[in-house]
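Peer 1: What follows is each chain in one-letter form.
There are 2 protein chains.
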Amino acid sequence: MTFEFDRDTAITARGDGIHDAVLAPGWVVGGGVNGGYLLAIIGNAVRDQLAAEVPDRGHVDPFALTAHFLSASTPGPAYVETRVLRSGSRFSTVAATLVQDVDGTAVPRIASHATFGDLDRARDPASDAAAAALGLALPPPELPPLAECVESRDAPEEVRKMAPLLQRFGTLFDPSTAGWAIGKPSRQGVLQGWFRLADDRPLDPIALLLVVDALPPTTFDLGMPGWAPTLELTAHVRARPAPGWAIVRHRTRTMAGGLFEEDCEVWDSTGLLVAQARQLALQPRARDRA
Amino acid sequence: MTFEFDRDTAITARGDGIHDAVLAPGWVVGGGVNGGYLLAIIGNAVRDQLAAEVPDRGHVDPFALTAHFLSASTPGPAYVETRVLRSGSRFSTVAATLVQDVDGTAVPRIASHATFGDLDRARDPASDAAAAALGLALPPPELPPLAECVESRDAPEEVRKMAPLLQRFGTLFDPSTAGWAIGKPSRQGVLQGWFRLADDRPLDPIALLLVVDALPPTTFDLGMPGWAPTLELTAHVRARPAPGWAIVRHRTRTMAGGLFEEDCEVWDSTGLLVAQARQLALQPRARDRA
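Here the protein sequences come in this chain order: A and B. Just so you know, we're using numbering that gives the first Met the number 0 here: the first sequence kicks off at 0 and counts up by one. Just so you know, we're using numbering that gives the first Met the number 0 here: the second sequence kicks off at 0 and counts up by one.
One thing to keep in mind: the hints can contain errors.
Said to hold, decoys possible - To give an idea of the interface, some chain B residues facing chain A are shown, with a C-beta separation under 8 Å as derived from the structure:
id	residue
1	L69
2	A71
3	F90
Keep in mind that the hints were calculated from the coordinates and are not lab data. Cβ coordinates follow ideal geometry from the N, Cα and C atoms, glycine included.
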């Protein structure tokens with residue numbers, strides 16, 4: 000069996016650092032293709048390029064991936080141009096641009112830099128224990144049991160039509176931050192819940208690049224429905240996730256000048272923080288990034 | 000009078016998007032040149048390139064700047080290669096790489112992407128008021144008065160020799176998070192204080208790129224002295240700062256796998272959040288990024 004995520008983020012090396020992909024319509028939400036899905040495709044291209052160019056390093060995992068969103072992607076063919084900027088023993092850094100051809104013109108969609116390494120080799124139980132003793136292990140929020148949470152796939156039909164993306168996830172929202180779905184946003188600027196992929200494809204470091212942008216924008220919880228285009232997103236993968244339900248929290252603390260930041264944290268089923276991300280996004284009143 | 004910051008971050012366009020700079024020895028700390036100082040030089044190069052290439056847009060301010068640190072810079076000549084990736088009405092995005100020639104080889108130091116716009120045009124008092132009413136204006140920490148804080152330039156002579164950088168700043172540390180200076184770290188993972196440049200050069204959006212990396216690493220407060228090399232740093236400038244003392248807070252919440260994140264927030268003298276940054280850095284035990 001091939002999982003949806005693997006089928007739809009597959010890439011094919013064309014040579015010269017270029018990797019072809021096909022953006023699948025199932026990952027569309029509102030006016031564009033989900034950003035986290037695109038980051039996972041970029042992550043796959045970077046990993047493949049490093050495997051081809053510096054095979055002995057074993058730099059298979061994203062540690063830090065930064066992405067500036069230049070224009071909205073559309074379903075269909077795309078490609079990732081990669082260039083290895085530096086490769087050391089612990090880390091390699093790659094420039095990667097997601098591009099789509101539009102009427103014969105190459106239009107850049109996302110400009111990215113990615114620093115890859117090996118999360119298993121980076122693990123250091125003694126140092127982790129010392130850090131935990133210092134209180135440096137951010138705990139997950141306490142969520143109600145799965146059965147008391149709200150399934151995103153239960154959304155009304157018109158929402159599901161606009162957001163086929165919802166069908167890819169098995170997100171179960173904490174009801175205390177899901178009131179926006181019935182017109183009663185909590186106005187805390189928080190969205191959180193249990194996360195898994197709809198077909199139970201296990202999470203791994205590349206899939207975490209998707210997870211950090213998988214929930215609706217926190218502006219939904221602030222009573223501002225609508226499209227909130229991302230200007231920039233940085234993801235840090237901190238550990239390889241254990242199998243099972245993950246916990247995801249998105250939070251906004253500052254909105255000003257028409258922009259807001261959205262902080263995301265992801266914990267695995269053992270309560271370990273496995274990814275952090277922050278994005279800077281436009282308030283929904285701006286209908287499009289001009 | 001020319002301020003130190005303006006003198007030492009000056010750049011000269013060479014053509015083809017290349018901007019020459021000279022990294023000044025006064026910004027050295029420990030094993031390398033301060034990262035925030037280098038980001039300000041990159042910011043100046045991006046601004047100049049946009050002014051030359053898309054002069055009508057008025058995209059003079061950094062909104063989001065991402066930087067992957069590839070190798071340690073040294074005082075002396077350097078240059079920034081820039082390439083405008085996209086320019087729209089509100090934002091332009093530029094790829095910028097800081098490079099130094101080492102024995103005839105061009106060695107990349109920092110790979111960066113920067114999205115610039117106009118902070119004044121982005122201001123929207125009505126929307127800001129609505130956001131503030133929602134509690135979306137992160138307040139600064141309460142600090143003791145200036146006279147009760149600890150001056151960084153009072154460090155012992157051996158520290159000052161290793162860190163000429165300290166002389167560039169007029170930082171006054173909150174004594175509750177300055178115990179590390181006398182061997183008594185608070186172990187909270189927090190460093191905070193009042194900030195100004197030593198010669199009182201007023202802060203502006205480019206200078207904020209320096210401010211977000213101006214304090215010692217939070218690992219000092221965790222009882223781990225030593226060099227903490229940055230892997231990646233993302234800075235978001237949220238507003239043009241008002242004149243006067245700024246407040247800076249650095250905080251670490253998660254250390255794992257030999258890495259820690261350091262979140263920085265900067266408020267201006269009116270209490271407005273003007274910049275946010277997060278960096279992913281190596282724990283001090285790793286003496287160098289290999």
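Peer 1: All hints are to be evaluated individually against the structure, with a verdict given for each.
Peer 2: Here is how each hint holds up against the structure:
no. : hint : in the structure
1   : L69  : holds, 4 Å
2   : A71  : violated, 12 Å
3   : F90  : holds, 7 Å
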